[in-house]
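Trainee: Chains as they are written, first to last, in the UniProt record's numbering: chain G, 1 to 450; chain B, 1 to 450.
Some hints could be false.
Which residues of chain B face chain G? A partial, calculated answer using Cβ under 7 Å [stated by the list, open to error]:
#, residue
1, A296
2, L322
3, Q333
Calculated from the structure, these hints are not laboratory results. Bear in mind that the values here come from a model prediction, so they are computed numbers and not experimental data. Glycine included, each C-beta is placed from N, C-alpha and C at the ideal position.
There are 2 protein chains.
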Amino acid sequence: MTNTLFLPELREMLADNNRAELEEFCTTLNAGRTAEFMEGLSDAEVWQVLQFAQPERRSEIFGYFDEERQLSMLAQQPTDEVAELVEELAADDRVDLLQQLDDEHVDTILPLLPVEERRDIQRLRSYAEGTAGSLMTTEVAKLADRLTAREALEELSRQASELETIYYLYVVDDDNHLRGIVSTRQLVSSLAQPHRTLREMMETDVVVAMVDEDQESVAEKVEHFNLLAIPVLDSGRQLLGIITHDDVIDVVREELTEDAQRIAAVTPLERDFLRIGLVTLSWKRGIWLTILFFAALLTAFALRHYELELETYAWLVWFIPLIISAGGNSGSQSATLVITAMTGGEIELRDWRTVLMRESVVSLMLGGFIAVIGYAVAFFIAPSPSDALVIPLTLLAVMITGCLCGATLPLVFKRLGLDPALMSNPFVAGIVDIMGIVIYINVARMILSN
Amino acid sequence: MTNTLFLPELREMLADNNRAELEEFCTTLNAGRTAEFMEGLSDAEVWQVLQFAQPERRSEIFGYFDEERQLSMLAQQPTDEVAELVEELAADDRVDLLQQLDDEHVDTILPLLPVEERRDIQRLRSYAEGTAGSLMTTEVAKLADRLTAREALEELSRQASELETIYYLYVVDDDNHLRGIVSTRQLVSSLAQPHRTLREMMETDVVVAMVDEDQESVAEKVEHFNLLAIPVLDSGRQLLGIITHDDVIDVVREELTEDAQRIAAVTPLERDFLRIGLVTLSWKRGIWLTILFFAALLTAFALRHYELELETYAWLVWFIPLIISAGGNSGSQSATLVITAMTGGEIELRDWRTVLMRESVVSLMLGGFIAVIGYAVAFFIAPSPSDALVIPLTLLAVMITGCLCGATLPLVFKRLGLDPALMSNPFVAGIVDIMGIVIYINVARMILSN
């Protein structure tokens, strides 16, 4: 959403080096909107404007630009100014950014940071992509369990400006083991009894994530328990950091988008569609197209095998695409429904019997209906009304096959421990295509030989 | 995730009517886990256990059961107990629940609620599904702008136990107009200057949702601005309520799942896959299959039109499914990538030139590669190496057509103001099928007549 409303004024302020107005521009609006108004400026101009904001505000505004824009600014601007900005960014965001920069460039920035921040960055960089560790921030409100409500509030007011969230307070012992949590809401409601200690208030049955836990499993917990943040522990139950709700929304979006891409037989993209290299994109699509091509080759061999039938009854050829598409489409529908229901936690492996029962009923209804239309069409095209029966019978059989294959294959993949979304719709369609041809010719043999 | 670990003990406690242990069971664990442990119990047993929890805790635990389970409990249990539970539920959740119950049943529950709660429910029920109003809760921390930090904290501690979140304080004037917001984090950090008023602290450039705004647009704002909650205003800018982050995750999940279903030509399901009626499910799939069937009928007429060519060169028939699936698969990939990129905000309509340029390059690479494999196969099957050239040339042309159609059609739908995901993959494949056959026979005519 580029907003060009303020661009001329902003450029004029920059040309005049109008400190008062530029400072006001950086502080009055919501940080996200400030960033929006600057989107039409060049990287150098944005950077120039940002120098008029206080360091904390500067990194807040900077955080609202999209990642590609952030990277191009960091790559071009003076290293000392970059380091100053990086220092103020949220611990998890800055590590994500630095991961995308060249190692060389990072090595010029890191020495300019205070030693504590540097160590924090190095530790966070060491966690593998896709784990809880790679999502967490180390800025967390840690408090000792002996504090009273009032003391805790005072301590919190000292820590608050440094923290990303203060919506839960994490109660730790002297060895940094997580003992319990107190929500800010609880703390605030407890102010009537200012001498109650955190130990008395805290909830001890805390939902936690382990540092090497898969991000999708973490997102599931946060969603299921409606959390604002989840604490991340190491194997010794020491508190390492927290993962906040905004990162969880990103994980959910990423996971579902990847599913949609896998369902269409594309290896999920790691970068924006418009920014991914064309060779990489071709590769991610090409491997699947090649596999699908070899699967489809089987249809050519099958049809060649049925050469005699196809020459004797030439009209059968006309219906080939219609029949395989009916099978493929019903199969894709079933596969997509089963895959999305599994991702959404609506069905589990143990529901397979119910799923297949329901699919059987649905496929009978769908196949029956399409068969009736198919017969109406074939009636006018086939040599005789009895020959025309081949089409509806085939359509019914192919659509039942399609639905059952489409529903079963993702379940089988899940059972094998693979991602069910790998059982893509084109793959289901490819399998149903070849089965459809075999069914078609065999139904034709039965009907037409009478 | 049914957990059967505690079931025997729980049933024993119920049989003995062991108040002490049941009360402990309801309070010690995290509410979400308490619900999990009870999942194996019957509705009546769960209800019986819940009676041992304090009202607030009871509704919290109840909130963790899935919706179907909640409804079956509400439908069967004594109306006065149901009303007591409903009173304690979060304002937004209880309206969602009541919307699913029969009107008759709701009419027996409502009179048992305090008048204020009843009015609140009736107001929230009046907002249309899918709008900001239908997602919001009316439980919000409203404070006057003249309060100082310390007074605000005291007022907040009085309100906190009634509220779903206290992560932002909404500053209103005497007429309930929203003037600004203060985050709890800001408030807590301001305790060092206890006499600063909310007016001095508050951010006035607030991101808001209008009550009739579409839920997807609201979710986008919350995601873009990384909010924990967004205030909902009426057309006179009066503060009606807030929408919290957990409802936003639900909207994002719903939206992306619907996209995946539309991409596979299924009208999105409103209920869980295993719970939706089979007739409804067949209808949601059947209308698309019927439309697609009529589209596919065109292939039959096209092939009939080319009867002569297909009888003269019978081997051409064998490659029909292969060629149309290559076009369909590359088209589905392009369509899915464009649709998911639009949903994720990675591309806009104005990027259409770039998208088509990039798709052209990718389709040349993909088509070229598959054409080479295709020629290798056709070499052995076609009557002569020069006749075999029909296959690679067709594959290349069909895949370019597939990619460009797949990328263009969702953009056209978007331009027309329709949901791009309606341009489903089977639909793209259907269009590419018929174009593929026309291309195939015309390429064959050119090559084979030489």
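Trainee: Give a verdict on every hint.
Mentor: The hints, checked one at a time:
1. A296: OK, holds: A296/B within 7 Å of chain G, min 5 Å.
2. L322: 5 Å, holds
3. Q333: Since the shortest Cβ distance to chain G is 5 Å, the answer is holds.
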